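Input sequences plus hints: build the corresponding full structure.
There are 4 protein chains.
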Amino acid sequence: MSDAQFKGVIPPVVIPLDANRQIDLVAFERTINRMIEAGVDGLFFLGSSGEVAFLTDAQRYHVLQEAVAIVGGRVPVLAGIIDMETLRVIDQAKRAEGFGVDGLVATAPFYALGGPREVERHFRVIRENSNLPLFAYDLPVCVHTKLDPTMLVKLGTEGVLQGVKDSSGDDVAFRWLCLQNKDAGHPLQLFTGHEVVVDGAYLSGADGSVPGLANLDPVSYVEQWRAYQAGDWERVRQIQDHLAHLMYIVRNVDATVGFGAGVGAFKTALWQMGVFNTNQMREPVQPLVGKDVETIVSVLKENGLMDAEAPVRA
Amino acid sequence: MSDAQFKGVIPPVVIPLDANRQIDLVAFERTINRMIEAGVDGLFFLGSSGEVAFLTDAQRYHVLQEAVAIVGGRVPVLAGIIDMETLRVIDQAKRAEGFGVDGLVATAPFYALGGPREVERHFRVIRENSNLPLFAYDLPVCVHTKLDPTMLVKLGTEGVLQGVKDSSGDDVAFRWLCLQNKDAGHPLQLFTGHEVVVDGAYLSGADGSVPGLANLDPVSYVEQWRAYQAGDWERVRQIQDHLAHLMYIVRNVDATVGFGAGVGAFKTALWQMGVFNTNQMREPVQPLVGKDVETIVSVLKENGLMDAEAPVRA
Amino acid sequence: MSDAQFKGVIPPVVIPLDANRQIDLVAFERTINRMIEAGVDGLFFLGSSGEVAFLTDAQRYHVLQEAVAIVGGRVPVLAGIIDMETLRVIDQAKRAEGFGVDGLVATAPFYALGGPREVERHFRVIRENSNLPLFAYDLPVCVHTKLDPTMLVKLGTEGVLQGVKDSSGDDVAFRWLCLQNKDAGHPLQLFTGHEVVVDGAYLSGADGSVPGLANLDPVSYVEQWRAYQAGDWERVRQIQDHLAHLMYIVRNVDATVGFGAGVGAFKTALWQMGVFNTNQMREPVQPLVGKDVETIVSVLKENGLMDAEAPVRA
Amino acid sequence: MSDAQFKGVIPPVVIPLDANRQIDLVAFERTINRMIEAGVDGLFFLGSSGEVAFLTDAQRYHVLQEAVAIVGGRVPVLAGIIDMETLRVIDQAKRAEGFGVDGLVATAPFYALGGPREVERHFRVIRENSNLPLFAYDLPVCVHTKLDPTMLVKLGTEGVLQGVKDSSGDDVAFRWLCLQNKDAGHPLQLFTGHEVVVDGAYLSGADGSVPGLANLDPVSYVEQWRAYQAGDWERVRQIQDHLAHLMYIVRNVDATVGFGAGVGAFKTALWQMGVFNTNQMREPVQPLVGKDVETIVSVLKENGLMDAEAPVRA
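Residue numbers (our numbering), protein chains in the order written: chain A, 1 to 314; chain X, 1 to 314; chain P, 1 to 314; chain V, 1 to 314.
For the record, the hints were derived by calculation from the structure and aren't laboratory data.
Be aware that one or more of the hints could be misleading.
You can't tell identical chains apart in this list, so a pair holds if it fits in one copy or across any two.
[What the hints assert, rightly or not] Taking lysine to aspartate or glutamate and the EDC-like style, the derived pairs with C-alpha atoms no more than 16 Å apart in a straight line are:
| id | residue 1 | residue 2 |
| --- | --- | --- |
| 1 | K94 | D57 |
| 2 | K154 | E120 |
| 3 | K182 | D241 |
| 4 | K7 | D41 |
The structure displayed is predicted, hence computed values, not measured ones.
Set out below in structure tokens:
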């Protein structure tokens, strides 16, 4: 197990594209620098928000190559190694390692149905095939398996897992995970991916957060983390209320559902805020247009992320 | 809309049975008094934990008659009016009203499939047929419909609903519900039924909680509520960690799943603690026995709810 | 166990209402007689299509009283005893028995979560409390539990169950149920509720069908049953294709989803065909209007259930 | 659109491994030849049963290279191009094309959530990037999206899709798909993957089947297809009853669930029958052992797939 310790705010990086749906390196550097300058504690590439499912392997490793170069060691870099079953995930792990990342993030196996014994073995076999710190990514909305807290703490204690990114939406299980982890001597570093209720995860004892919304407002998440470290809970919740309001950008998208609405809204917001140059999406997802863009701009203005007088970009 | 305001800790009351599976009135009075003396702010009868699905109508109204008499006005009484579709729920509402309860709690319609327009109309038609404060009970695990925050706040603003008991497990939607309710002038009183993460709900701005686990440890939930009112968040979370540990009683039940494991564990704990005289359940559920009882006793002892030397009751 | 044997086409009867949402006894007699005259082998009242979830107990037994009187012994009458958990179902069973029905139909318990041991015990306890033939109603879309074929055949062999009405949509499990039942000496009478693929159920060895669509076109279902008895599979499938086309009435409803679309379309069709006098629904469901009615009329005309020149009733 | 027409029995080929979990080419040739000699009309490689989710890209294309060589043009070869989202699927398509296969099979996009407009565009974009006949693989149990019959027929009419492999388990939707396809001039070739109820799919008008169980008993599926072509429905259903009995091999596996139980049982049966040399599985799945193997052998003997006196191989 690595001696590395991960904590704090580690945003999953949303990828800017140009009009031809190719990665826009100028905007990529801008968004990375903007988050690092805001004080984030790490960056997570090739997560769900980072389009990992939509990229060919060639595109994935182009992203990773550029990301590692731009970050330049200023903060640790985590890389998603997202694929269906164990051998494919190991293939991704070996390639990601070659690019000099600091940790790997893997989900439970998906597509083929399995049970708990396959899930546990999956993480063990990945561990046997890689030396980097390994995080389990608990994401039942995508992979349709919920990771069991007792299994996770066991894998932490045995040195298989470095930590967990919990995007399960199951706050009861997360509380139990935090308690069991603490009672076992804190082998795992525990992160919540639940950007709307990070404050509740901090109350539960989380070691940090991986909020997609931090692509838009990294300053607030960093300030919230510091308030948590200082024990200023009123400030923590006040910032969370602001961020929960800001997250309204994804609630009223008309055009579609799921990734196209969620990351589609993030990209549209970043475009309107001038961080991205377009709100292009990867096939088969289409960018948001018209009324959806206007609604997002309204939310950004109401929450101070855009100047009230700024025009809607087209 | 009633002028009544509901807030604080309102446990859903678990019902003690005797060896013949009839209500045990001595233990019923004991458990009610124990919670009132601990300082709870109300009591909720005929909720899911209160066996509402398992009782005939005659049994339901026997429970309500005895409950209202025992409580004797010391705290407000809420009554579940749980049935499949609107007309059946109204039948329950009219009967519950006759017993002098202070508020009604209704779920979305269930069994027959419907959509949002039926859900909204359901609550409106109940309101037209009753004068008591009406709470929406958001319980997708039982009724397979999640209530939309925007609809709930609209129904609050229009005087249809007095409040919401949220047992949805969707902490993001609960945060948005709290925010939208606050932005609308706080028409709804919002309660969480999520006993393991009440502290997170309080951070979100909840007006109170409806924790089944408070049947076992009402003192802690009351103390937590008061710490929240005093802004002492470290105390709030510390108590929550204790309660989350205590909830381990339901995690490792071997005999069955669902209600028989959850309320079965509550009844078994109350029996071992001497509050109940048996851990009997209603058909078709069987009481926990053997190893399951021993595990529960261990958890109670580890968390200070039973004396370490106390024998296991048989 | 009763000596009664059930087989053939047993439609679940859809209930006509007048403009005030009260049962329309003239139309009720008309639709019952129309089905009996077409040659159906029984009638099933208070099923899902029969609004059982929407009726108060008083309304349920009004329906049953009138139904038994109108049928007058011409065909066997089955009655749904649909309620949440065991004791409530037994209450319904005892009342239904009083009205002189020939068999009872009960689902797995619902609302409270349970497991297989509660499901099995549920049917056993109902059996201990009633002498009428008892059918298990496999309806996971409403009760969220799938009945296991092995358990069903065991309960048949032991005299607990008379048969099964399978509306599970799981044609593999139904095939296995038929095989296991046959291998056990055919203790159960097995009916499919899957009106669009009754022919496949007959190939699997079903003893009959309970098709909601037979309220519209009982003659075709009866003819299909007789073709099956005669081994004329080409005729069986040809009729099924006609019926599957006719079922398009429920596919394109815009106004809502679920029961309001499904039974709403049946009622609208029966109204347009002159069997019912309105297409009224029970609260909280609203009747279909406008474009939805027109689409249904088009399907009826294309499939020969309405005269091509007939006007749309309003 | 290709002029190729696909029909009849096209088994999804299960892959034999040696003790080191590498492809066992001797057994691979044996199982392929056994199916072709039985008279199958095509073979489908890299489907779910063909371990597509478990193979690295290098392993996938090794399978395909060997498969095309062994088949040697005796029957058409379909190849699964299973990956998460559109661009990754296109990558797989381009590689599969290079190996000389006769058609491609793609699921709806998975992992990232989407809606119907993304699903439709997904198939269109794949079509724009490949010239081979393209089949849609309807597999909600793995990809959590059900393909809409109306959309499928539209894509068939426009030349995007050649056909559908339906493993959705939704026999109502499959009936409607067959009817709509027939009414549109039969642009799609429709296959069922539902090995237990192929007879019902043939009644519905299917153009063929893709039964995993045909790896064990190809002769019966071929004979069933020919009986269907001859209109001998009693023979069709009689064979289906045999095959449904044979499928009991997967019903009582104790060790695990899902793929490890299903394909695990197929491999174990093929091993015991002498077609495969082991029952090895890919990580993280473990081969069945002990009691599970014995149960499978019993079923094989009861259904005539193994000699009654044959010993259990270890």
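Comparing the hints with the structure gives:
1. K94 <-> D57: The answer is both: 12 Å in one copy and 14 Å across copies each meet 16 Å.
2. K154 <-> E120: within (10 Å within a copy, 36 Å between copies)
3. K182 <-> D241: Result: close only across copies, 11 Å inter versus 28 Å intra.
4. K7 <-> D41: Cα proximity of K7 and D41: one copy only (7 Å, versus 40 Å across).
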